[in-house]
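Peer 1: Chain order of the listed sequences is A and B. Mapping of the first sequence onto my numbering: residues 1 to 233, in sequence order. Mapping of the second sequence onto my numbering: residues 1001 to 1284, in sequence order.
Worth flagging that the hints you see were computed from the coordinates, not collected in a lab. Some clues are possibly wrong.
Stated by the list, open to error - So the derived label-pair ranges between C-beta atoms look like this:
id : chain 1 : residue 1 : chain 2 : residue 2 : range
1  : B       : Phe1270   : A       : Val57     : 19 to 29 Å
2  : B       : Phe1088   : A       : Leu202    : 50 to 60 Å
3  : A       : Ala230    : B       : Gly1256   : 32 to 42 Å
4  : B       : Phe1261   : A       : Leu177    : 43 to 53 Å
5  : A       : Gln154    : B       : Asn1103   : 50 to 60 Å
6  : A       : Arg176    : B       : Thr1277   : 21 to 31 Å
7  : B       : Ala1258   : A       : Leu202    : 32 to 42 Å
To be verified - Computed footprint of chain A on chain B, listed as stretches where at least three residues anywhere in the stretch have a Cβ under 8 Å from a Cβ of chain A:
id : stretch
8  : 1112-1121
9  : 1132-1138
Every residue gets a Cβ at the ideal spot worked out from N, C-alpha and C, and that includes glycine.
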Amino acid sequence: MPNLLILAAADDVLRDTAPQAAPTAKPRRDWSLRQLLLILIIFGFLYGAVMGCYGGVAGDRWRQVLYSALKVPMLLLVTFLLGLPSFRVLNALFGLSGDFRQALGALIATQAGLTIVLASLAPFTALWYASFTDYRIALLFNAGMFAIASFTGQWQLRRRYKSLITRNPRHRALLRLWLAIYIFVAIQMAWVLRPFLGNPDLPVSFFRKDCLGNAYVEVATIVWQTIHKAVGI
Amino acid sequence: MKHWFKALDKILRGEATRLQELQHGPIDIPVIGLSTLIALLAIFYGACMGCFAIIAGWGTGSAVGYQQTLASMAKVPMLFFLTLLVTFPSLYVFNALVGSRLNMAAVLRLMLATLAVMLALLASFGPIVAFFAISTTSHPFMQLLNTLVFSIAGILGMVFLLRTMQRLTAAQIFLEASAPTVPPPPLPVQTVASVENTSAVPAPPALPPHLGALDRIQYRVNNSQVVTIFRIWAMVFALIGAQMSWVLRPFIGRPGEAFVFFSPRTSNFFQAIFHITFQLLSRH
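Could you build all of it, start to finish, from the sequences and the hints given here?
Peer 2: Pasting the structure below:
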């Protein structure tokens, strides 16, 4: 049954980066790209759905649940795809072409692992929504959940990349470059894909009316204006 | 066309610039195919840049966005080829003056390979730039982002140029040192001081299995004047490229303004960057 196979694959993805308990430990299966993508989509969908439940599901709000469910996998996948060409070219330039398949596999498996962790945190989010109503704090809470999932993602990635780095230390530099590119794009992507929670005072929509904007420009403007005020120009 | 991408990949991986390969002559690349691929990659990046103008003009009914995109698609290849055109003659002349072993064909191929590296990098950042172009309304941000991407491509391209030039010169020295009637012996892959090699020139060093396109070789090129010429040229190329991009502007197109192919001649690149940064921070 395909459902059970996905769960089994998901379990393997998580255990793959754990330190080996015994030499007789079962060798991990090789997952296909399709399985990893399915894991990413399904578990991302799950967390997104829970995220979107902030305003309840009555009336029009079920649409927010659907939109958020679609947006989380979109956020992860599209950011990944955008960064991929430059990762490929930089790998080639730094003489790491031979290991590209393995590096790519490590990245995709980590993305899948990240969404599994995220989905496991969904019950906490649900409980938070049931306990508290403040919109801003709910946003922060979700940001916190994403942060936890990202940290585990980093941890998984480092373990998967270990063999690559021992083979050639350049991989470490390329890993850092990848993370820089990924984070740079992801922040703007998260900004563009708002709303994820859906401010209860505003109508439900896929994009906000002022979706065309730039996360970095907004932050830079705020910082600059704060400095201006502080210095008294 | 697949053949051209394979050739490009060979250059990026460093396989086209291995010492063993260069020993047989100038860099083995399909000149016409690669030039076409370079132009296509540049056009692709121009299209990515132009997305900004298209989105800015969306729904207003004006065709300025599309005009700007087409203009950018023409200008990016122009930028690279014109910069090369402006700087190449002096490079070749000074090269010959200091007694470089590279002839015209070798230098041209070297330039082509360098352009290929730069444009591969540029085009690979294209999707990211396009994404920001579609989702951003800030013109100064786009200008700075594009400047950053061009700088990265340019710097890595120059590193490639300098490393490959050293390898070419080393390969040439080895080629000349061997007897003319005897074909040159194959370069050893392992670090073995070849006892049968009676030539006065020491055998080129062993290459580690994963030597990339940007790696330095251990062999010291005796003619340091050639190295200096190329270093200076790399800086000149960067400066000319920057100013050429200013002369060819606009690439992105200020939202709300009418389409112009060339903006009037004012100021220069470096003043402009300073001004744009200031604009970005004070949100004009």
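Peer 1: If a hint holds in the structure, say so; if it doesn't, say that too.
Peer 2: Hints versus structure:
1. The hinted window of 19 to 29 Å between Phe1270 (chain B) and Val57 (chain A) is violated, with their beta carbons roughly 57 Å apart.
2. Distance hint for Phe1088 (chain B) and Leu202 (chain A): a CB-CB separation of about 58 Å, consistent with the stated range 50 to 60 Å.
3. The hinted window of 32 to 42 Å between Ala230 (chain A) and Gly1256 (chain B) holds, with their beta carbons roughly 33 Å apart.
4. In this structure, Phe1261 (chain B) and Leu177 (chain A) break the distance hint of 43 to 53 Å, their C-beta atoms being roughly 36 Å apart.
5. Taking 50 to 60 Å as the suggested C-beta distance range, the pair Gln154 (chain A) and Asn1103 (chain B) conforms, at roughly 51 Å.
6. The supplied range of 21 to 31 Å is met by Arg176 (chain A) and Thr1277 (chain B), whose beta-carbon atoms lie about 25 Å from each other.
7. Roughly 36 Å separates the CB atoms of Ala1258 (chain B) and Leu202 (chain A), a value that falls within the hinted 32 to 42 Å.
8. Chain A is given as covering the stretch 1112-1121 of chain B, and this holds because 3 residues of the stretch bring a CB closer than 8 Å to a CB of that chain, at least three being needed.
9. Beta-carbon proximity to chain A at under 8 Å applies to 5 residues in the stretch 1132-1138 of chain B; the threshold of 3 is reached and the given coverage holds.
Hint check: violations occur at hints 1, 4; the rest are consistent with the structure.
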